[in-house]
Each structure stands twice: as structure tokens, then as C-alpha cells.
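Protein chains: 2
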Amino acid sequence: MSAPGFALDPRLEADTVAVAALPLCELRLMDDARFPWLVLVPRRPGAVEIADLAEADQAELWREVNRAAVALRAAAPCDKLNLGALGNIVRQLHVHVVARREGDAAWPGPVWGSGAAEAYARPDRETLVGRLRAALAD
Amino acid sequence: MSAPGFALDPRLEADTVAVAALPLCELRLMDDARFPWLVLVPRRPGAVEIADLAEADQAELWREVNRAAVALRAAAPCDKLNLGALGNIVRQLHVHVVARREGDAAWPGPVWGSGAAEAYARPDRETLVGRLRAALAD
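First to last, the sequence lines map onto chains G and D.
With the UniProt record's numbering, the residue at position 57 of the first sequence is 57, and numbering never jumps.
With the UniProt record's numbering, the residue at position 104 of the second sequence is 104, and numbering never jumps.
If we strip away everything but chain G, and leave its shape as in the complex, we get (with noise of 0.2 angstroms):
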């Protein structure tokens, strides 16, 4: 699922391990064991803003956004999905679905910005990445 020209942020890539590529997006989870937390990067070169993609790609990556929720849900329960694209730091276009749980490192407030990231030990990441494959794949 290679786009010519697409590379990935390198912050992205680096804040970031991969779990699908999906028809438009990559998904990625984010390397945070505070909170289950997935990104979606589209494969188009140069996009910031959404709309600066085509309606058919919004459409799309809304589909992915929706399914990617349902798989967070499914591999990881929370009691409130949150959404965001910003964008403040890295440009490159970027959703995210993040898993809450009341009590989290940031509960109530918006993970972004909250504090360090805390990597997963690597079994833990491979589970989850094992069952978001397996919800995705539902």
C-alpha cells in the first residue's frame, strides 16, 4: 500500500509502532502505555488541513477513522473514545483515537500535551497490536 511521494513524519514514525495499512491510511499505534491510543496518517503527499483532500479520500477516512474506533474499543474497553486532528507540531495530516479511561494520566483533559509518554513494554505492545489486528480483521 505504497503512495508515491507518501513518506511518514519521521515524529510520527518515531512516537509511533504500525499496526495495518489500510486502504487510505496507515495505522499506527502510539508508543504510550497511559492511554490505547491510535493514529491515522492518509497516504497522500503534502496534505495538512482535511480539506485538503478529495471528498472521495475524506469519505474515506472517515470510514477508517470509524473502523479503526471500533477495533480500539474492541481491543482495548475505555469509557469515552476521543478524536482529534491538530496538527499544531507535526503538519503532517494525522487523526487520532484515543481510549479513556476515568482516572487516566489526563482525565478529564485531552491527552495531547499531557505529560511524557511512557512506552509499553514491548510483550504488552505486541498484545495489543495482536488484538487490534484481530478486531480490524472482524
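Watch out, some of these pointers could steer you wrong.
To be verified - Straight-line alpha carbon distances no greater than 25 angstroms define the calculated SDA-like cross-link-like pairs of lysine to any residue that follow: (1) LYS80(G) to ARG131(D); (2) LYS80(G) to TRP107(G); (3) LYS80(G) to LEU53(D); (4) LYS80(G) to ALA33(G); (5) LYS80(G) to GLU49(D); (6) LYS80(G) to ASP52(G); (7) LYS80(G) to VAL48(D); (8) LYS80(G) to ARG125(D); (9) LYS80(G) to ALA54(G); (10) LYS80(G) to ARG125(G).
In short, the hints are calculated from the structure, not lab data.
All of these numbers come straight from a predicted model, not from anything done at the bench.
The hints should help you fit chain D onto chain G, whose structure is shown.
Chain D in isolation, oriented as in the chain G frame:
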């Protein structure tokens, strides 16, 4: 554009002013002069997560979010749009579209949970609402 059983959450109502009734959503302006900030609230009683909406409603929601984003950018030029659906405090489903400027009161962090709102001077708010309505009508 009333919907049986739908009532705007009282906190959302207190924090915002009406801009327009779109086919699915109430479109409201956050009364916070620090950030030009729209909130879309689907008139669907009981909806909390985007996945609670029927598929056609989800597609309409994203069309309206995009329409609101285009109008906001026309009415309040900015460096970056921020989109969010959190609902950790107010559970009624609502989507934020915020015009961010480099150096604004929360930059580059998120607006959610960032300090206290500063109400608009009434004439400034009326000017902005007028610009938003004109941009929506374009």
C-alpha cells in the same frame, strides 16, 4: 430544525451562541475570544460516540464539519484548524472546529482544558457570527 427529544446540553448552551441550524447539527460559536471556535451538535438524542450515529448521519456529520471548517477559515483566517470530539466532561456528542494561530493563548497545545474562556465583547461576537453566516451561505 427541531428534532423530537433533542435538547442541547445546558453546559454547551451556556458556553456558546447559535450560528446556524445545519441539516443534522446545531452549529454554535464558543463564547471565547481567545480562539475562533465552532461546535457542531448533531440533533440525535442520546448520541455520545460518533459510532452511535447511523452511517448516513456520520457521513452528514463530516460533511457539516467540513462546511463549518471552510466557513471558519474564511471568517477567521488562521494557521491551522484543530478538530476534536472528546466528550470527557459533556457527554452529549459534539465536535469542535477551532481556528488556531501561532502564538495564540494555548499554542501549540490543545484548546481543551487550557485556561478560562474570555467572553467576546458583544459587538465583536456579532461581527464574527455575521461573517460566519455569510461564509456558510457562499
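message: Just to be careful, I want the Cα atoms of LYS80(G) and ALA33(G) compared with a cutoff of 25 angstroms; is the pair within it?
response: holds, 17 angstroms
message: So if I understand the rule, the pair passes when the alpha-carbon distance is 25 angstroms or less; does LYS80(G) with LEU53(D) pass?
response: Holds - the C-alpha atoms of LEU53(D) and LYS80(G) are around 15 angstroms apart, at most 25 angstroms.
task: For the pair supplied as a hint, LYS80(G) and GLU49(D), confirm whether the alpha-carbon distance does not exceed 25 angstroms.
output: holds, 8 angstroms
query: Given the proposed pairing of LYS80(G) with ALA54(G), does the C-alpha separation stay at or below 25 angstroms?
result: violated, 30 angstroms
query: Between LYS80(G) and ARG125(D), is the straight-line Cα distance small enough, at 25 angstroms or below?
result: Violated, because 32 angstroms separates the two Cα atoms, which is more than 25 angstroms.
Agreement of LYS80(G) and ASP52(G) with the hint, judged by alpha carbon distance not exceeding 25 angstroms: Cα-Cα ~29 angstroms, so violated.
- prompt: When you check the alpha-carbon spacing of LYS80(G) and VAL48(D), does it fall within 25 angstroms?
  reply: Between LYS80(G) and VAL48(D) the Cα gap is close to 9 angstroms, so the pair holds against 25 angstroms.
- prompt: Is LYS80(G) within 25 angstroms of ARG131(D), Cα to Cα?
  reply: violated, 34 angstroms
message: Between the alpha carbons of LYS80(G) and TRP107(G), is the straight-line distance 25 angstroms or under?
response: Measuring from Cα to Cα gives roughly 10 angstroms; hence the hint holds.
message: Hint check: LYS80(G) vs ARG125(G), CA-CA at most 25 angstroms. Holds or violated?
response: holds, 21 angstroms
Consistency with the previously given hints fails for numbers 1, 6, 8 and 9, ordered from lowest to highest.
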